[in-house]
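Taking the hints into account, I'd like the entire structure generated from these sequences.
Numbers 1 to 551, taken from the UniProt record's numbering, label the letters of the sequence shown in order.
Any given hint could be a false lead.
[To be verified] With a Cα cut of at most 20 Å, we get these calculated SDA-like pairs of lysine to any residue: (1) 134 with 72; (2) 302 with 282; (3) 351 with 63; (4) 104 with 262; (5) 284 with 298.
[What the hints assert, rightly or not] Restraint-style ranges between C-beta atoms, simulated for each label pair: (6) 411 with 335: 26 to 36 Å; (7) 423 with 149: 50 to 60 Å; (8) 331 with 117: 37 to 47 Å; (9) 333 with 385: 23 to 33 Å; (10) 93 with 116: 20 to 30 Å; (11) 356 with 324: 47 to 57 Å; (12) 451 with 152: 54 to 64 Å; (13) 209 with 106: 22 to 32 Å.
The hints are simulated quantities; they were obtained by calculation from the structure and are not laboratory data. Just so it is clear, CB atoms sit at the ideal spot from N, CA and C, and this is done for glycine as well.
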Amino acid sequence: MSAMLLTPGGGNNSQANHRSDKGNTSHVGNQPKGCKKYNYEFAECFFNKSDELNTCALDIGGTLIKVAYRSDHYISDECQPTRNTQYLTVKIKEDQLLCVHFFKINELNETLSFLMQNGLIRQKIFLTGGGAHKYFFNIIDHIVQHEVIVRGVVSTEEYPLLYVSNSYYCETSRTLSLELQIRENTLPDGNTTHEGVPFNKSLVDSFPACETVRVYLVHPNAEQKKGKGYVPTQIKREEANRANDEENNTQEKLFQGELILQCSRKDEMHCVMNGLYKLLNVKKSVVRYHLFLKAAVPVQVKLPYEPFIIANIGSGISILLSNGFNKYMRIGGTAIGGGTLMGLAQLILKKVSFEELIRLAAPLEGETTCSWSAHPPFDLTLRHIRKDAACTGAPPHGQHAVAASFGFLSNIVKTKNVEGTKSLGQAVARSLITMVSYNIGYLVHLLARIHGVRRIFFSGKYISNHECIIKSLTMGVYYYYMYCHTNEGAANDKLSGKRMEGGIRVKPSHQCSLFRRGERNCGEGARRDALPEVLFLKHDGFLGAIGCFFS
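Below you can see the structure in the form of structure tokens.
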């Protein structure tokens, strides 16, 4: 398939302010003429009926909040028109789309307002990521406040005190059901204070194993079964009705309130793996970087998918090994990730966004991709250390191997002394991306060799369909094959591929024999010489949110 069919590199850009892109969900703004417009679509047979009941999910990471929601159109920001909308929507069925969105971590209230004002929660929300535990009660409380006001339970927007009138916890399903009612600040006897069980963070935190909270709201005018003015003074554990799911449903039927919210938090790694398997059923959503064409091209992933490694790159990185659906384990990780990239960029370049950093690293007008990416100007390469790199044991093209990131000190000083130059920011951006991506790629390469795996997936908001990131991660994985073989001919003859990138022969493993589980014990040579298949997903930054949506 021609590389001209896809134009990755624009990134998944979206902020939150309620503009409808109905009718344009599969189009990219201002696409080059002749560029094919894809409409990503799930395989219909892959969906369960229960999935249709889900409405939205949040993946709360260290720096970003990723949102997945179901709607008939995409909702974007009026201030900044959405680019590459096709990468932010996946067709579920004829009139339904799964849409993805993101916010900064300090915009949690804006995220919830976006969902509520557009009617996207509909009494149900899923959470995942580290923030799913940190902000669990805050999210529940924010939505409950909104529901109390919208339903006209109170006449003003001054939020009333809510107290628990009934409660129930099921250990089997780890579900906490709470019936809430409003109490005025003044009691009938004239006192301004009273005892009761307030609805607060301490209450929810007292059930640390709880995964789901169901909130029922009793209208102030509703007849109370325990008498007017009744407020329980404590939640007795023996009265918390710990039982099985069937008894749970029976108990909840006794609640007088109306169900206004069900909020569930899910395991982050499970959601990432679930999201990956879901996206493998989306047509034309998987790409690899073609070393000869120097572009990302779509590929068809053949069965069996497993075993494979997936590196999820967020603020930090978790690396998982999968041997089948719901059969996975964490085999490694690193603190060097997207957070490292942006932290260093902020220190060196001051106020800069991720998208601005990517634009800085992009080739200048008239500059070819090959010329700028061979070696960033601030990186010390092998040819800077040894005049004849080919005589050091490295292959002839090894002169471009990076010896030290940001190690070319003389060039750094020279660039800094040139006033008004634009090359400083560009050089810093390129070196930062190369440093982070190469370290990630090489770590994943080592883990793939250890576990005998030939298929590698990269995901996470760090990638965001940016071609420079896709290439740098791919080159990080292939670094060993390109520069570290002391006997180039012997190793490359076994790969028997075309010569690319300065003479090395590169042949993706999907063109080799399919991996079999038994090959893990077939010898060190087979594992070392098999070039892994490095793959990326078009919706890479939203695996956790998408997997959480289908929990």
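May I ask which of the numbered hints given earlier this structure violates, with the numbers listed in increasing order?
1, 4 and 11
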